[in-house]
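S.K.: If you read the protein sequences in the order shown, they are chains A and B.
When the count follows our numbering, it moves up by one through the first sequence with no breaks and lands on 137 for the last residue.
When the count follows our numbering, it moves up by one through the second sequence with no breaks and lands on 869 for the last residue.
Hint data in this document are derived by calculation from the structure and do not stem from the laboratory.
Because the structure is a prediction, the values reported are computed rather than measured.
We put the beta carbon where it would ideally sit given N, CA and C, even for glycine.
Treat each hint with caution, since some may be false.
Claimed, not checked - Looking from chain B toward chain A, a few residues come up when the C-beta cut is under 10 Å (computed): (1) 803; (2) 826; (3) 834; (4) 837; (5) 841; (6) 862.
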Amino acid sequence: KAGVTQTPRYLIKTRGQQVTLSCSPISGHRSVSWYQQTPGQGLQFLFEYFSETQRNKGNFPGRFSGRQFSNSRSEMNVSTLELGDSALYLCASSLARGGEDTQYFGPGTRLTVL
Amino acid sequence: AQTVTQSQPEMSVQEAETVTLSCTYDTSESNYYLFWYKQPPSRQMILVIRQEAYKQQNATENRFSVNFQKAAKSFSLKISDSQLGDTAMYFCAFMSRNYQLIWGAGTKLIIKP
């Protein structure tokens with residue numbers, strides 16, 4: 024079974040631009056979560072989607088948004104990019120919601136904002 | 757608010773030794789999950805071990821085991837017979853009833869040959 028895939032793997036943008044990152048979960052997985060990983064702030068939860076509905080959102084500004092499609096693929100969008108948005112963005116999928124459902128992570132998208 | 761603290765930024769041990777990584781957390785909830793994840797250099801994050809708070813028995817997965825002390829809010833990871841492939845960042849994480857993972861800052865573990 025294919026793992027979680029994220030595209031693109033690397034991205035360079037300039038301040039003020041917007042970006043869309045994509046995540047394809049493991050087949051059959053319905054929950055997708057997004058995390059931001061930076062050297063300064065560590066790993067922070069962005070949001071979680073289940074059955075095309077955002078179930079949970081972390082403490083991030085409204086510039087960060089996302090969605091999930093009927094095939095469980097998910098996208099996240101960051102508008103008006105700031106230098107501080109440079110990070111590794113990780114996506115994780117699981118069968119359902121809950122601690123007993125293992126979250127499987129993708130390789131991440133490395134975003135650099137210049 | 758829940759928090760997770762890993763007090764050891766970096767550790768190194770010789771191959772075949774046993775190493776223990778520390779993690780403490782803070783929560784007012786009584787039922788939750790705790791995890792240790794491993795992030796090897798330039799590779800994907802993978803789950804090492806999981807502990808359900810209502811289970812008193814410590815979880816084990818082959819060479820990996822935890823010491824879960826619920827009253828002390830402590831959740832340490834023991835790696836026995838360490839191998840070169842264990843070199844990675846190790847993250848302790850807490851999942852509350854809203855299914856959100858809250859992460860520690862990580863411990864960089866280096867296994868020396």
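S.K.: Next step is simple, just say for each hint if it's right about the structure.
M.R.: Okay, the hints, checked on the actual structure:
Taking 10 Å as the C-beta contact cut-off toward chain A, the hint placing residue 803(B) at the interface holds, the least distance being around 5 Å. The criterion of a C-beta within 10 Å of any C-beta in chain A is not met by residue 826(B), whose closest approach is roughly 15 Å, and the hint is violated. Evaluation of the residue 834(B) hint against chain A yields a violated restraint, the C-beta minimum of about 21 Å exceeding 10 Å. Restraint check, residue 837(B) versus chain A: the minimum CB separation of about 24 Å is more than 10 Å; hint violated.
Restraint check, residue 841(B) versus chain A: the minimum CB separation of about 18 Å is more than 10 Å; hint violated. Here the hint on residue 862(B) is kept, as its CB sits about 7 Å from the closest CB of chain A, short of 10 Å.
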